[in-house]
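Protein chains in written order, with UniProt numbering: chain A, 1 to 180; chain B, 1 to 102.
What the hints contain is simulated information worked out from the structure, not anything from laboratory work.
As the structure is a prediction and not an experimental result, all values here were calculated from the model.
Heads up, a few of these hints could be off.
Said to hold, decoys possible - Simulated coverage check for chain B against chain A, where a stretch passes if three residues somewhere in it have a Cβ under 8 angstroms from a Cβ of chain A:
#1 8-14
#2 27-39
#3 44-54
Said to hold, decoys possible - No farther apart than 25 angstroms at their CA atoms in a straight line, the calculated lysine to any residue pairs in the SDA-like style are these:
#4 A:Lys33 x B:Val49
#5 A:Lys117 x B:Gln43
#6 A:Lys140 x A:Ser179
#7 B:Lys18 x B:Gln78
Stated by the list, open to error - Computed, partial: chain A to chain B, Cβ under 7 angstroms:
#8 Asn2
#9 Thr3
#10 Leu11
#11 Ser15
#12 Asp79
Ideal Cβ placement from N, Cα and C applies to all residues, glycine included.
Chain by chain, the residues run as shown.
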Amino acid sequence: MNTVLSRANSLFAFSLSVMAALTFGCFVTTAFKDRRVPVDIHVSKVMLKNVDDFTGPRERSDLGFITFDISADLEPIFDWNVKQLFLYLSAEYATKSNSLNQVVLWDKIVLRGENTKLSLRDMKSKYFFFDDGNGLRSNKNITLTLSWNVVPNAGILPLVAGSGHVSLPFPETYETTKSY
Amino acid sequence: MLSIFKSIPTHMDYKGQKLAEQIFQGIILISAVIGFIYGLIIQQFGWTVYIVLAGFAVSCVLTLPPWPMYRKNPLQWQPVIPESSGESPQKPQEASKRKKHK
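Hey, can you work out the whole structure from these sequences and the hints?
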C-alpha cells in the first residue's frame, strides 16, 4: 500500500469482490419467483399439404400451415434480474409411428424495455411444420403451447411453459383449409 | 518516459496506509449498499453498477494520490551521527537503516 500501483490494485480487487457479492444478492432476490403468466392462443386457419421432404428418408411427408393469434401480458416476468425472454410456440402431438412429437413453429426474442404486451394477430408460422411421415392428416389432437426461456443477469435460466394452450384437430384431406 | 513517473513521490506512512484502506473500504461498502437498495427499488441492476462505479471513482481520488493527511505520522529515524575517524563500525549500521526506508 505504499505505492500508487499497490493501492490501486487493492482498491480494484476489493471493488470487484463487492460487485460479485452484489450480483449474487441480485440473484438471490429473484431466484424463487414464479415466471408463469396466462397466455391466450387462438388458431384461425389450418391447411395441410403432402410434399417431398428431402430431410427425411421417406417419399412424402405431411406439411402443416397454421395461422394463429397470440395475446399475453409478459410484464410481471420482467424484473431487475431479467435481460430478455425467448418465446417459442411449439406443437405437440402423437402419431401411429411416434408417441410424442414436438415441433417449434415460431419464436421471438423480447428484450427488457421493449413492449411487453403481446397481441399478435394472424401470424404465420416461421418454421416448417413437417411431420415425420404422414401423421398430421386426420390427427384428432394437436396441442399448441407458448413457452419461454428467461435469460437473467445472474443465475439460472428457467424454461417455463405458458399457462394457456389450445388443442385442435387437423383436416382430413390435403390442400383443404379448415377455419376455426 | 517511465523515469518521470518513478520520480514522483507516492509513499504514505503506515498509519496513513491504514487510514487509506479504511477509507476506501468504507466508501465502496456504503456505495454498494446504497446501490443495491436503489437498484432493488427501481428494478434496474444497471443503476447498482453505476453507483458502485461512482463509489470506486470517489475512493480513487481520495486514496490513490498521497494526500498530506496520510503523512501525519512519519517514521522517527535516529538522528544522524556526525562522522569522525573512529566511527567506521557504525557506518554499515547506518547504511542498513537507511535501506529500510521505503
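Checklist entry - Does the alpha-carbon distance linking lysine 18 of chain B and glutamine 78 of chain B stay inside the 25 angstroms limit? => result 24 angstroms, holds
Next on the checklist: Does the closest beta carbon of chain B sit nearer than 7 angstroms to the beta carbon of aspartate 79 of chain A?
Outcome noted: Holds. Min distance 5 angstroms.
Next on the checklist: What's the verdict on lysine 33 of chain A and valine 49 of chain B, does the C-alpha distance respect the 25 angstroms limit or exceed it?
Outcome noted: 23 angstroms, holds
Checklist entry - Checking C-beta pairs, does the region 27-39 of chain B have three or more residues closer than 8 angstroms to chain A? => result With 6 residues close enough to chain A, the hint holds.
Next on the checklist: So, as I understand it, the hint says leucine 11 of chain A touches chain B; can you test that by seeing if any CB pair is closer than 7 angstroms?
Outcome noted: 5 angstroms, holds
Item to check | Interface hint compliance - asparagine 2 of chain A to chain B, C-beta minimum distance less than 7 angstroms | outcome: With Cβ-Cβ at 5 angstroms, under 7 angstroms, it holds.
Checklist entry - Can the region 44-54 of chain B be counted as covered by chain A under the rule of three residues or more with Cβ-Cβ separation shorter than 8 angstroms? => result Three-residue rule met by the region 44-54 of chain B, so holds; n is 5.
Next on the checklist: With the threshold set at 25 angstroms, check whether the alpha-carbon distance from lysine 117 of chain A to glutamine 43 of chain B stays at or below it.
Outcome noted: 19 angstroms, holds
Checklist entry - Quick one, are lysine 140 of chain A and serine 179 of chain A close enough, alpha carbons at most 25 angstroms? => result Holds. Lysine 140 of chain A to serine 179 of chain A sits at ~15 angstroms (cutoff 25 angstroms).
Checklist entry - If you take the shortest Cβ to Cβ gap from threonine 3 of chain A to chain B, is it below 7 angstroms? => result 5 angstroms, holds
Checklist entry - Quick one, is the serine 15 of chain A hint okay against chain B at 7 angstroms, beta carbons? => result It holds, given that the least Cβ distance between serine 15 of chain A and chain B is near 5 angstroms, below 7 angstroms.
Item to check | Given coverage of the region 8-14 of chain B by chain A, checked by CB-CB distance under 8 angstroms (3 or more) | outcome: Three-residue rule met by the region 8-14 of chain B, so holds; n is 3.
Checked against the numbered hints listed earlier, the structure breaks none of them; every hint is satisfied.
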